[in-house]
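Chemist: Residue numbers (this note's numbering), protein chains in the order written: chain P, 898 to 1351; chain C, 898 to 1351.
These aren't lab readings, by the way, just hints derived from the structure by calculation. Take these hints with a grain of salt, some might be off.
Pairs involving identical chains hold if they fit within one copy or between any two copies, as the list cannot separate such chains.
[As the list claims (entries may be wrong)] Below, computed lysine to aspartate or glutamate pairings styled on EDC-like, alpha-carbon distance capped at 20 Å:
1. 1172 to 1160
2. 1173 to 1156
3. 1066 to 1083
4. 1113 to 1159
5. 1201 to 1277
6. 1113 to 925
7. 1312 to 1240
8. 1173 to 1317
9. 1066 to 1028
10. 1173 to 985
11. 1173 to 1159
12. 930 to 1106
13. 1039 to 1049
14. 1113 to 1160
15. 930 to 1139
16. 1312 to 1156
17. 1312 to 1049
18. 1113 to 985
19. 1113 to 949
20. 970 to 991
21. 930 to 1240
22. 1113 to 918
Okay, here's what each chain looks like letter by letter:
2 protein chains.
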Amino acid sequence: MNIGKIETTEHAALTSRLGREHVADIVEFLNGKTAQEATEIVAHMPLQWSVEVLDQPHFRDACEVIEALPQDKAVALLEGMSADRASDVLRWIDAPARGHLRDALNADTRTAIDHLLTYPEGTAGALMTTEFVSVPANWTVKQTLDHIREVEHSRETVYAIFVLDPTTKRLVNTVSLRRLISGVPDAPILSVAHAYAPISVPATMPQEEVARAISKYDFLAVPVVDSTGHMLGIVTVDDVIDAMIEEQTEDVQRMGGMEAIDEPYLAIPFAEMIKKRAGWLCILFVSEMFTASAMQFFSDELEKAIVLALFIPLVMSSGGNSGSQATSLIIRALALQQVRLRDWWRVALRELPTGIVLGGILGIIGVIRITVWQQAGFFDYGDYWKLLAVTIGASLIGIVTFGSLAGSLLPFLLKRLGFDPATASAPFIATLVDVTGIVIYFSVAWLFLHGTIL
Amino acid sequence: MNIGKIETTEHAALTSRLGREHVADIVEFLNGKTAQEATEIVAHMPLQWSVEVLDQPHFRDACEVIEALPQDKAVALLEGMSADRASDVLRWIDAPARGHLRDALNADTRTAIDHLLTYPEGTAGALMTTEFVSVPANWTVKQTLDHIREVEHSRETVYAIFVLDPTTKRLVNTVSLRRLISGVPDAPILSVAHAYAPISVPATMPQEEVARAISKYDFLAVPVVDSTGHMLGIVTVDDVIDAMIEEQTEDVQRMGGMEAIDEPYLAIPFAEMIKKRAGWLCILFVSEMFTASAMQFFSDELEKAIVLALFIPLVMSSGGNSGSQATSLIIRALALQQVRLRDWWRVALRELPTGIVLGGILGIIGVIRITVWQQAGFFDYGDYWKLLAVTIGASLIGIVTFGSLAGSLLPFLLKRLGFDPATASAPFIATLVDVTGIVIYFSVAWLFLHGTIL
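All chains, full assembly: derive it from the sequences and hints.
Modeler: Written as structure tokens, this is what we have:
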């Protein structure tokens, strides 16, 4: 690849412009370019800037740039980047190239990255960085401040300082920089430490729980420890925000009944788009085939009272809608830990009356609709239209109640089975309610219309 | 209210226990108590701790505690709390009590709170706090550090320092504390300032956009300015995380087809639960009535070919499912600004072939289903079962394509009209696709079955 294609003067202009902008804006500018153009521009930047650009998780072509650059430059960038970001980039580079790059790194960076790469994606271990400030508990305030001034440029954050036991190296306490700078220089570091016991997370904790901990305690960084209480790294608040946004996208997509996609919509290859959507669509289609089976079962009734068919979509969809309301309420309540698994019966006891009232409201509207259409002569529902109206009203109460109950309990079931409650909950509940809805509808119809049109 | 009900010794025990825990854990403990118990405990805490407790946005009974306490204690608490939190609490206290409390506050606090209360909820102005560190641009590094040490305890964050023009008082630049402590004491403060122009947000900016800015620039705090460039306050990263979680809950609930509820599920009063859910449910029910109208229109065809009714739920729900996939994809893509309003035609051009392929896959499964049931003798679809199978297959292609297209374009339409794209998108699209699906289905049936069973 010819990285000299853009003229030197152009580069000087670009460079001076970029120098006045925040690195996040530079990344936005680069993301608007092709991978090749981005590589050229990054290759011509001063090293410090290109490190900053590559350190941004939002920079789309990080892997392509690292792969396209000459190895010595790529290695210098990886060594300059934060360890968590460098390991993320290496994670996505294919095997032979990754091995060559890794071998060329200096020993410190290689060890740090190798270590981070052992944690599975989506855990505190994979999210954390090893570039934090720690000091032994027998240091003074002044010693700590001097140390921070020295290492500041190579640390992801210096606002949280981690105090370790001088002999065991276990995490003893945390100090915030704001308290530290107000401390008496000769006082021991622990004199400005927090009063509460240090709060840490294990390396295996899923990233959503890490996000919850950071948000609960308003931390700028949370320490990650191993099973013996030794510090492995820190997860910072900006990483958590990125993880939260990613999580939110996955939740919305799963609720929409598809596999999660982490690429931007317009960048997803066509085949992948089909793959991610077809799977769930087929599962739901095959489940929904039971509606055809249920209707075949009631085909005699249907033949006798074709008028019943007219209201099937209306009655069924109401069950689906009430179910998806209940499901989305409980998905969030579970995610925010407002309800726990053991609360399922409390939820059921709330949804039962809620479903009856909501179904009753819809039932009344339905009865009014049929009465008005019949009386105004818009459509003739036959001699027994009053019984038909009662059938629709009563079915709606039954179906909406079933929808609310099933919709609220499905997330508990999914969570109990170890799945994410958001997984295809809404469309899955619609399908379940559709099939049950047909059975309820025809049973209620048989009850009210038996001996007349049935 | 008798706040002496818990014995003094018990309080001493509680107090010592609370003293060793993080304030967020104390709040969690208090949230498990009744409002009255929580008030008693808070009333017996040392003032500094009760201020910390009330400063936590997750503390549920803040308004109740402030209202129940004697006025002098309540005023001391409000004055000690951060201004943004105090104004949030006052916002929710009813008129006469709020006025009395406000009048009893000292002038500084009252001015700050009055100012914050002028901004509508959900904007940068309502989210910001006025307790930030600002220094004139002609100060030195040492002057700034000394100032920070002095005011540290009364500021929400001291990690971002805002440099103002000494005469115009406009925001000139920002300095991070980590750079400040490494600076030469006698050097001017601007020598350690960031190279890029200061990034700020207007007070009227919606909180989602503030969250996006903080997440994009990895800020710990973003300055809020008025139209003349004067600083009004800062929004900190922890406020943004809380706002993001709230936003996420609202999105999930709106996608589930209901009004957003910000209370915990089990704490929502029954009447409110019905109110929040019945509205959209009724709107969707009335819209879905068009399915009955559409089927009435085709009732002659239905009477001739009752077998067509069997597949209505199956065919309709597939359209709804593909629509909700497309909708959820585009809702997120719009929220993350991966696609913009003007990209609607790009999205349409992607969804058209996607819908055709997905519909084709379902169509093939549908044809196989009918063939197997017919050949195996599970059900007799009549002499023209082959034409029926073709009808189902072709309808599925049409309906899934329509669902994908409509589902992907609805969020654009909602956004263009000024609504949140998440608003009831998924159930609304299902309703739209249901009605259209019936028309497509019977039209395709007429095309293939006309002259045979129709």
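Chemist: List in ascending order the numbers of the hints, as given earlier, that are violated by the structure.
Modeler: The structure breaks hints 3, 10, 12, 15 and 17; every other hint is satisfied.
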